[in-house]
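*Asks:* Sequence:
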Amino acid sequence: MHSFESDTTPNRQEKEHPGLKLALELGPLLVFFFANLRGEWLVSKFPVLATLGGPLLVATGLFMAATVISLIVSKIVFKHLPVMPFVSGIVVVIFGGLSIWLQDETFIKMKPTIVNTLFGVTLLIGLMFGKSLLGYVFNAAFQLTPEGWQKLTLRWGLFFLFLAVLNEVVWRNFSDATWVNFKVWGTMPITIAFTLAQMPLIMKHSIEQDTSGKP
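Residue numbers (the numbering used here): 1 to 215.
Calculated from the structure, these hints are not laboratory results.
In this text, all values refer to a predicted model and were calculated from it rather than measured experimentally.
Please note that the accuracy of each hint is not assured.
Below, simulated DSSO-like cross-link-like pairs (lysine-lysine); rule was C-alpha separation at most 27 Å, straight line [what the hints assert, rightly or not]:
(1) Lys131 / Lys204
(2) Lys21 / Lys79
(3) Lys151 / Lys131
(4) Lys79 / Lys45
(5) Lys204 / Lys151
What follows is a list of derived Cβ distance ranges for each label pair [said to hold, decoys possible]:
(6) Ile114 / Leu154: 28 to 38 Å
(7) Glu40 / Leu158: 38 to 48 Å
(8) Met188 / Val121: 17 to 27 Å
(9) Gln143 / Lys45: 48 to 58 Å
(10) Gly186 / Gly27: 44 to 54 Å
(11) Gly97 / Met199: 35 to 45 Å
(12) Lys131 / Arg38: 38 to 48 Å
(13) Ala197 / Leu102: 35 to 45 Å
(14) Thr51 / Thr145: 32 to 42 Å
The C-beta atom is built at its ideal place from N, Cα and C for all residues, glycine as well.
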């Protein structure tokens with residue numbers, strides 16, 4: 001019934017097609033990386049792409065197309081849209097479209113800043129109102145004490161803001177190629193390392209799930 005589900009709880013279709021799920025998540029980024037790397041070659045093979053602008057804007061256009069295709073396939077095959085990729089996809093289309101329309105690469109470069117700031121601020125504002133919003137995403141995967149959810153939500157909120165600041169530092173101070181490499185090959189390892197670093201907190205505050213079937 002619901003179109004959106006937890007990003008961390010695989011349903012039956014996702015369990016049957018784990019390779020496809022990974023490809024849909026990473027595919028658009030790889031398209032973006034390849035298109036930026038071989039932008040001139042792509043334009044020589046498909047001259048219509050020249051209407052988009054320079055190599056980074058060509059990569060942006062293909063990134064937008066790959067992102068939309070990824071979300072459509074996710075909806076068809078897995079019967080739902082993962083929340084975070086969906087929100088990120090909306091920002092990709094809006095800011096990517098602005099970049100191409102105005103011929104200004106700034107908008108697509110700021111996309112990670114906007115997305116990470118949105119997630120970070122949302123989590124931290126939720127805490128201010130006594131809501132550990134991260135629990136709505138992760139609760140089906142594991143259960144924590146209220147204190148555990150508060151601490152984990154605070155850490156993820158601050159981490160998202162850290163990623164936003166880091167993106168600003170990279171795109172404003174380094175070349176386009178460096179920024180693209182960071183976006184594709186830097187952000188994910190940093191996120192994986194941070195996620196693994198949270199395991200002690202998760203283990204400390206985990207609640208044993210009742211499997212007896214009692215209400």
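*Asks:* Could you work out which of the previously given hints the structure breaks and list their numbers from low to high?
*Replies:* 4, 6, 10, 14
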